[in-house]
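**Q** Take a look at the letters that make up each chain.
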Amino acid sequence: MPLDQSFVGRSYAPTPAYEVGREKIREFAEAVGATSPLHRDPEAARAAGYPDVIAPPTFAVIISMSANSVIVDDPELGLDYSRVVHGEQTFVHHRPITAGDRLRAVAHVDDIKTRMGNDFLTVRAEISTESGEHVTTAIGLLVARGEDEGQ
Amino acid sequence: MTRLTAAQVAKGDELPATQVHVTRADLVRYAGASGDFNPIHWNQRFAEQVGLPGVIAHGMLTMALANRFVADWVGDPGAIVECGTKFTRPVPVPDDEQGALLEISGKVTDLSEDGTAKITVTVAFEGKSVLGRPVALVKLG
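Line order of the protein sequences matches chains A and B. Numbering-wise, UniProt numbering puts 31 at position 31 of the first sequence, and it's gapless, one number per residue. Numbering-wise, UniProt numbering puts 109 at position 109 of the second sequence, and it's gapless, one number per residue.
No wet-lab data here; the hints were simulated from the structure. Incorrect hints may appear among the rest.
In silico DSBU-like cross-links for lysine-lysine, where the CA-CA straight-line distance does not exceed 35 Å [to be verified]:
(1) K128(B) x K139(B)
(2) K11(B) x K128(B)
(3) K128(B) x K113(A)
(4) K24(A) x K128(B)
(5) K86(B) x K128(B)
(6) K24(A) x K107(B)
(7) K24(A) x K139(B)
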């Protein structure tokens with residue numbers, strides 16, 4: 001059954017704060033092979049004009065994926081996650097995510113389309129500090145493959 | 001670390017191409033760091049059950065590698081103000097020491113007056129692009 005169009009425009013309560021740690025940034029940077037000292041050395045980061053070490057550009061997925069889980073798991077929407085693949089992803093950074101940030105995210109359903117029996121769900125996570133400074137917008141396209149698709 | 005300045009960059013510039021090996025161990029490390037434990041990225045049996053050729057790399061890892069490539073060129077990962085891609089082709093990662101070999105290249109496809117460069121990246125596996133139109137917008141110094 002196609003996803004309910006009335007979910008377009010819906011937003012969810014902000015997530016609890018995620019505290020960005022220096023060691024988590026380092027761990028993520030290691031995992032993507034990012035060798036920049038700006039991910040590891042607070043002195044180098046300060047010399048480059050940042051208050052502390054900064055995260056790689058796609059680190060925001062940790063927060064956006066967690067925020068979007070309220071949409072994906074919403075029983076009223078009824079998305080079958082075992083059929084979902086990640087179709088597209090965009091991050092817009094107003095500034096880099098920085099160690100010490102306490103970030104909350106609000107998940108939005110921006111669009112739902114059904115084509116050829118597949119559902120295309122555009123989800124957006126607006127990531128801000130607890131004090132309301134907007135840091136990152138993460139937009140993802142989730143594709144739920146139709147049940148009739150034979151393989 | 002110094003960020004490239006607009007004076008050092010011209011539209012049409014090619015970024016120095018690179019190659020990255022992605023192994024099963026890299027997928028496990030990325031799963032742990034990102035929290036994405038979907039078994040298609042580490043469990044051969046599960047991946048085959050859902051019709052994949054085998055364990056595949058996280059699309060988000062491939063996207064991260066594309067952005068690391070841009071960050072290395074510009075000299076400051078914080079210069080990337082926007083990045084986006086489509087995930088068009090899975091990257092199967094064999095269970096061996098070499099893993100999958102990704103070839104990454106890029107080009108400055110636009111340079112605006114405010115000093116923002118648009119970098120169009122190509123990530124290829126076995127000669128075919130695996131990301132659709134991966135783009136990074138970079139604020140030059």
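**Q** Hint by hint, note whether the structure agrees.
**A** A quick look at each hint next to the structure:
1. K128(B) x K139(B): holds (29 Å)
2. K11(B) x K128(B): holds (25 Å)
3. K128(B) x K113(A): It holds: about 28 Å lies between the C-alpha atoms, which stays within 35 Å.
4. K24(A) x K128(B): holds (33 Å)
5. K86(B) x K128(B): Since the Cα atoms of K86(B) and K128(B) sit roughly 14 Å apart, the hinted pair holds (cutoff 35 Å).
6. K24(A) x K107(B): Judged against 35 Å, a Cα distance of about 31 Å means the pair holds.
7. K24(A) x K139(B): holds (25 Å)
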